[in-house]
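K.L.:
Please model the complete structure; the sequences and the hints are all you need to start from.
Chains as they are written, first to last, in our numbering: chain A, 1 to 526; chain B, 1 to 286; chain C, 1 to 360.
Calculated from the structure, these hints are not laboratory results. Honestly, I wouldn't trust all of these hints.
Only some residues are given here: those of chain B computed to face chain C with a beta carbon under 8 Å [claimed, not checked]:
1. V121
2. L223
3. L243
4. A250
5. L252
6. L256
7. V261
Beyond 10 Å from chain A on every Cβ pair, some chain C residues (computed) [stated by the list, open to error]:
8. N71
9. V104
10. Y108
All figures in this text were calculated on a predicted structure; none of them were measured in a lab. Beta carbons are placed, not taken as given, at the ideal position from N, Cα and C, and that holds for glycine.
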Amino acid sequence: MKKRLVSILLCAVLAVTALAGCGSSDPEEEAKSKAATEGSKETTSGTDGIFTYAIGGDTGNTLNPLTADDRWGLMTCHLLYAPAYYIYPDGTTDYILAESMEASEDGLTYTMKLKDGLKWSDGEALTAEDIVFTYDKVNEESQNLYIEGQPIKVEKEDDLTVKFTLPAVCASATEILSSEVSILPKHIFESKNTFDINMLEEEVVGAGPYMLEEYKTGQYLKFKKNPNYANGEAAIDTIVYRIIEKNDTATLALQNGEIDAWIGLPDMLEPFQDNDNFNINNYSEGRVAYMRLNPMTESMKDKSYREGILQALDRNEIMLAAYSDEEFYNIGYSFLPGNNKFYSEDVEKWEQNLDKAKELTANGSKALKLCYVEEDAVQTNQALTIQAELKEIGIQVELVGMNQAAYMKVAYDNSNTEYDIFLGGYVMGVDPDMYSMLFVSIKDNMINYSSKEIDELFAKGNATLDENERKEIYAEVQRKISEEAIFYPFGSNLRTLVTSSRVDGIDDAQLVPIYTFGDLSKLKLK
Amino acid sequence: MKKNRRLENVKYEFKHNKQAIFAAAYLIIIICISIFVVFVNVDPDAIDVAHKLQAPSGAHWFGTDEMGRDYLIRVLYGGRVSLLVGVLAMLTSIVIGVAVGMVSGYFGGIVDSILMRMVDVFSSIPWIIMVTVFGLLFKRGLFSIIIVIGLFSWMEIARLVRSEVLSAKEREYVQYARFIGTHPSHVMIKHVLPSVFPTIITAATAAIASAIMVESSLSFLGLGVAAPMSSWGSLLQSSQQYLQKAPYMAVLPGILIILTVYSFNKLGDVLRVFVEPKITAGEKDE
Amino acid sequence: MPPFFKCQAYLSGIPAGCRLGVKYTKVNAGRTCVRYCTKRRKIMLKYIVKRILQAIPLLLLITVICFTLINLAPYDAIDSITTPDMTQAEVEAKREAYGLNDPVIVQYGRWVGNLLQGNFGYSLLSHTSIKYDLKIRIPATIKLVLPAYLTAFFLSIVLGLIAGSHKNKWQDKLIDGLCSVGISMPTFWFAMIMMYLLGYKFKIFPLMGMHTIGLENSFADYMKHFMMPYIVLTIGFLPDLTRYVRGSTIGQLKEDYVIVQQAFGAKKAEILFRHVSKNVLIPLITKLGMALPMLVTGAVITETIFAWPGIGPYFVSAIQAMDYPIVMSILVLSGTLIILGNLLSDILYCLTDPRIKSMK
Chain A
1 MKKRLVSILL CAVLAVTALA GCGSSDPEEE AKSKAATEGS KETTSGTDGI
51 FTYAIGGDTG NTLNPLTADD RWGLMTCHLL YAPAYYIYPD GTTDYILAES
101 MEASEDGLTY TMKLKDGLKW SDGEALTAED IVFTYDKVNE ESQNLYIEGQ
151 PIKVEKEDDL TVKFTLPAVC ASATEILSSE VSILPKHIFE SKNTFDINML
201 EEEVVGAGPY MLEEYKTGQY LKFKKNPNYA NGEAAIDTIV YRIIEKNDTA
251 TLALQNGEID AWIGLPDMLE PFQDNDNFNI NNYSEGRVAY MRLNPMTESM
301 KDKSYREGIL QALDRNEIML AAYSDEEFYN IGYSFLPGNN KFYSEDVEKW
351 EQNLDKAKEL TANGSKALKL CYVEEDAVQT NQALTIQAEL KEIGIQVELV
401 GMNQAAYMKV AYDNSNTEYD IFLGGYVMGV DPDMYSMLFV SIKDNMINYS
451 SKEIDELFAK GNATLDENER KEIYAEVQRK ISEEAIFYPF GSNLRTLVTS
501 SRVDGIDDAQ LVPIYTFGDL SKLKLK
Chain B
1 MKKNRRLENV KYEFKHNKQA IFAAAYLIII ICISIFVVFV NVDPDAIDVA
51 HKLQAPSGAH WFGTDEMGRD YLIRVLYGGR VSLLVGVLAM LTSIVIGVAV
101 GMVSGYFGGI VDSILMRMVD VFSSIPWIIM VTVFGLLFKR GLFSIIIVIG
151 LFSWMEIARL VRSEVLSAKE REYVQYARFI GTHPSHVMIK HVLPSVFPTI
201 ITAATAAIAS AIMVESSLSF LGLGVAAPMS SWGSLLQSSQ QYLQKAPYMA
251 VLPGILIILT VYSFNKLGDV LRVFVEPKIT AGEKDE
Chain C
1 MPPFFKCQAY LSGIPAGCRL GVKYTKVNAG RTCVRYCTKR RKIMLKYIVK
51 RILQAIPLLL LITVICFTLI NLAPYDAIDS ITTPDMTQAE VEAKREAYGL
101 NDPVIVQYGR WVGNLLQGNF GYSLLSHTSI KYDLKIRIPA TIKLVLPAYL
151 TAFFLSIVLG LIAGSHKNKW QDKLIDGLCS VGISMPTFWF AMIMMYLLGY
201 KFKIFPLMGM HTIGLENSFA DYMKHFMMPY IVLTIGFLPD LTRYVRGSTI
251 GQLKEDYVIV QQAFGAKKAE ILFRHVSKNV LIPLITKLGM ALPMLVTGAV
301 ITETIFAWPG IGPYFVSAIQ AMDYPIVMSI LVLSGTLIIL GNLLSDILYC
351 LTDPRIKSMK
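P.N.:
In structure tokens, the structure reads:
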């Protein structure tokens, strides 16, 4: 009897370990060796020469450098690819692949000269062919580089010179030609019929400061430095973007030394303040946080109803709920961030007026659906505040939170009629024409407007180089947009980067919108 | 008389078993609080963003949460929700389980086979998976959680009831009633049901306990009650972020869940004494 | 021929289903009493085959339910194959190519066929093959759940036997009390507290993941990451198993053979470990069979909290992103495992317990 029992137990154990063993032969799993490690004594991230940065979401297995528009995808592209040149928020230009970019007298022709001896990360030469290829593909893909309906023409003059011919004068030309444009290798993509790169299987060839070493779905992206980087090899050998979705885990990990940098929430900064082991860096992204009403749904078709909804809201309360302390945000009334030189407060502010709000919404829907990104604690608080404020005028708001990828799918679908309200935020850049992508019906139109007047005004504003004229035009645009009662900005917020004291060179790398670090090759570890 | 003996046993348990006394007392207290908290003049949903995350003070006995709401009141209202979900989900699963078990045990034959196969199939899927999948198909809210939890916990009860019915079916008074031609539903409700009743009571307490656990797990995963309503599970979920700053935010709902589930389980144990006198016979021999 | 009554001496210990008979053999000059148990073996085999055949329609039923749910769900299967860049014509072409315009029955047949080949479809959000993801994630979960369950299993035997044999004394009160509290404690709460205390306050273990990046080869590093979720899971499995063993032990101790052994003067420990444990272990082994699906779904919440890269976080984020193909694949997988687990435990029970009389 005992023998039977033992043998059966053994069989069961064997069967199960066989099951487990089947999986272990997967090449992703390393064999567990009993080798002792010295690094395990310290609680730093493995070994020296690795900088670990916590990111709040996963890029997914597919990276598309042409169409990436979520923060994590863009951050990854920023490491792997380089634009020809990069314009910092204060206006200075960092020439990466290009040596110079000059405009002609009439502003209709721009000439880009490339640096000599440029190489891709796989060793192939980077020439004007790749530049032309990239911009041609951008024009095929979308109308973001179109001026008055015509694309900007890109021609190769010789191996190191590219000529850009504009159909009309465009004030924001240098910015739109470099913003979020990753120069793509022609020799890799011309035979593929898609720009989707499977990060698990394919090698990524780019001209950025780092190369992709490894990607583990849902866990991390590991990069090693690119020896062929145009501005010189990076100081840090390895960078890891660690995917940590929960903020409470991230803050504990930073304190333990498991990660080196993290974007912190204002509520959670206590352990790092007055602490020599950490540095807190507050910087402006020029990011505008907003709420938009979906004009496609039944309840939102009536303009006066929309006005009523906006009159019920109180920006101050919403931003305070989100950011806890006034030092982390600025109230704003327009689609431009407050520090933009074209920002105008001569707009319809929709100050809170509960009586008027009740009056205007009396005949409309009493139940609305609000969509936001659940992982974002800031948006969660904003959503809860809006829900409470609308409750005051008798409207029930159902909060539907979803993760970043699902949100993008729903929010960018302009024909979606399921959600009445969307929360969001954007970082568009310096020139006000960069914001046209939000409102112009023939471009991306992320806010879902459809007004010919606004389209025309944006086109006009971009067609002149005279600053005063532009100021007038954009003031009118801001006013018109606010009057439509579709777009309701809260203001702009500062971002807080908390780093451990071993991270150095942040001033050289510069803190920038979206990517956090402008030039990661300049980061150093002490 | 059998009945008296069972009651005697229950009374004995309550008087001497310290844990049973504690469980009963705790449940009475928490139920009373849940009913009467509505009369307290504090709104659990009233946000006050200027005073977020304050430490416990005279004005707010357990401080405020991340939207400035009074935490103690939210926990007590959360208790209402958790208990409500527990009881209603239990009722749902009891109703379905008893119905299926009765019909299956009473009629036997093919009806029994089919129903029991259905029970097998439904039990074959891990609850966490089925519950979350159905949660996707229904709109989020209190009603759908109750239905979802109820729909996936009736199987055990059906099995228990069925085996009780199988043995009750053989009793003389039941056979007599069938013999004289009483309508089956009449027989089931008037004669079989009372003898199955003790089992149902025990199963009910266990069902409440498990429903509360399931609801808190669901809320913790973000699939439970919708904001701004709070339940103990959802409070735990939002307290994770503030574990460093305000650990009591995690401790309070957790302890309440443990005490409540423990008390219901203990209650069930005691009531089992009522159901099966044979057990007490063994226990009292020591 | 020896008289039949002489073979009566063999009667004790003959399992049901066996017959006593006489057979001529070469040993002992041709005559000896033997037991015929071929009938029993036949019964067992018939039972096992019957159970396997019963399980197959259940499996099919699970696939039908899952397929129905997929089609009821508000998503278009084409979304998981196409990207937003494609034109309407391309989308239509893909639709034809993947057979999404075929009648439902044909689609079902194809889906089941795919499943059998191991092709689970593609994720809606990341467009990757689900099979690939599962191949990475399932071993990770098994590596966590298996040791935890086995530890809980053996610990529960020890604790349960002790509790059962010292009924109503302090050992029993302590163990039973702890189990009652343990059952009432939500796993995630315990995990949170553990993470806070051990991971942060006392800094004994790292907080998340399976490895420190760069140290994937280090066993010591893996163990450090493994410890906390392992402890949480073991404590999660323990109370239920211990109560089961305890109840079983108490039940066994009332049986006649215990009294007989006591009458023979056997010591308590001997009774416990030689006789009672056998009868307690047998139903417990069948519980092992039911634990088969745990290898995939037993640690969803724990893995999510500790960011252990197993099925748990994968499933939870699929639910939150409404990524139906992933959800359905895991559904089919776990349903299948449960049925197989039930089958396994029934078979084990039949093999180990010689007292099975009726094959119900």
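K.L.:
Now look at each hint and say whether the structure bears it out.
P.N.:
Each hint, compared with the structure:
no., hint, verdict
1, V121, "holds (6 Å)"
2, L223, "holds (7 Å)"
3, L243, "holds (5 Å)"
4, A250, "holds (6 Å)"
5, L252, "violated (11 Å)"
6, L256, "violated (11 Å)"
7, V261, "holds (4 Å)"
8, N71, "holds (20 Å)"
9, V104, "holds (26 Å)"
10, Y108, "holds (27 Å)"
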